[in-house]
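Protein sequence lines, in the order shown, are assigned to chains P and V. Mind the numbering: the first sequence is residues 1 to 116 in my numbering, read in order. Mind the numbering: the second sequence is residues 1 to 112 in my numbering, read in order.
Heads up, some of the hints might be wrong.
Under the rule of at most 25 Å between Cα atoms (straight-line distance), these lysine-lysine pairs were calculated in the BS3-like manner [what the hints assert, rightly or not]: (1) P/K50 to P/K68; (2) P/K50 to V/K57; (3) P/K59 to P/K37; (4) P/K68 to P/K26; (5) P/K26 to P/K50; (6) P/K26 to V/K57.
Derived from the structure by calculation, the hints contain no laboratory data. Keep in mind the model is a prediction, meaning the values are calculated, not measured.
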Amino acid sequence: QQPVQSPQAVILREGEDAVINCSSSKALYSVHWYRQKHGEAPVFLMILLKGGEQKGHDKISASFNEKKQQSSLYLTASQLSYSGTYFCGTEMLPNAGGTSYGKLTFGQGTILTVHP
Amino acid sequence: KAGVTQTPRYLIKTRGQQVTLSCSPISGHRSVSWYQQTPGQGLQFLFEYFSETQRNKGNFPGRFSGRQFSNSRSEMNVSTLELGDSALYLCASSLQGRAEAFFGQGTRLTVV
Numbered sequence: 001q002q003p004v005q006s007p008q009a010v011i012l013r014e015g016e017d018a019v020i021n022c023s024s025s026k027a028l029y030s031v032h033w034y035r036q037k038h039g040e041a042p043v044f045l046m047i048l049l050k051g052g053e054q055k056g057h058d059k060i061s062a063s064f065n066e067k068k069q070q071s072s073l074y075l076t077a078s079q080l081s082y083s084g085t086y087f088c089g090t091e092m093l094p095n096a097g098g099t100s101y102g103k104l105t106f107g108q109g110t111i112l113t114v115h116p
Numbered sequence: 001k002a003g004v005t006q007t008p009r010y011l012i013k014t015r016g017q018q019v020t021l022s023c024s025p026i027s028g029h030r031s032v033s034w035y036q037q038t039p040g041q042g043l044q045f046l047f048e049y050f051s052e053t054q055r056n057k058g059n060f061p062g063r064f065s066g067r068q069f070s071n072s073r074s075e076m077n078v079s080t081l082e083l084g085d086s087a088l089y090l091c092a093s094s095l096q097g098r099a100e101a102f103f104g105q106g107t108r109l110t111v112v
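With the sequences and hints as input, model every part of the structure.
What follows is the structure in structure tokens.
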């Protein structure tokens, strides 16, 4: 099941903050966040593992609420370079007899545009 | 440390032909996953290989196949190409398939 991202698009001025959410109907082992600029490959931002942790570096951080199976990506004091499409990729807990190794199910993406 | 390398970067093929794409993972990474990205369907998982074994497979027809070599390099093959196979094909490598996954630049396949 594809995770649902919200909002679908965000427009910001430099210096403003944004939150992107990713919700799954399945129990998750991990959530991966990526940013993709037009014509380029997705760039890894961070991974959050089952356990409800929060991570961050620079002005980008994320949290994972295990009870809600929801992750949020926080972008603070946005910069022009933050523009792009943000994807969450979810790795589900393995089913009995199956495996989720190496399989990320991606949301539809959130387009973030930062203006000067 | 070199990143994930995919070749070729661009490819134009005719319907009915077959194509082979290559992916060299980051040194030391043993898991390679393949994804198809299209504007309509987004990023969709094709399959994952670890130590030359396919551990996971997505919902794609049997025309899509892959393999992994002992040096962890992976190839993906699509036979009997259809127009709908036009897409950006991305591979991602990780240490073991349950860790950070890093993408290559992708191969842009156009089927005419």
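Item to complete: List, from low to high, the hint numbers that the structure doesn't satisfy.
Response: Checked against the structure, no hint fails, so every one of them is satisfied.
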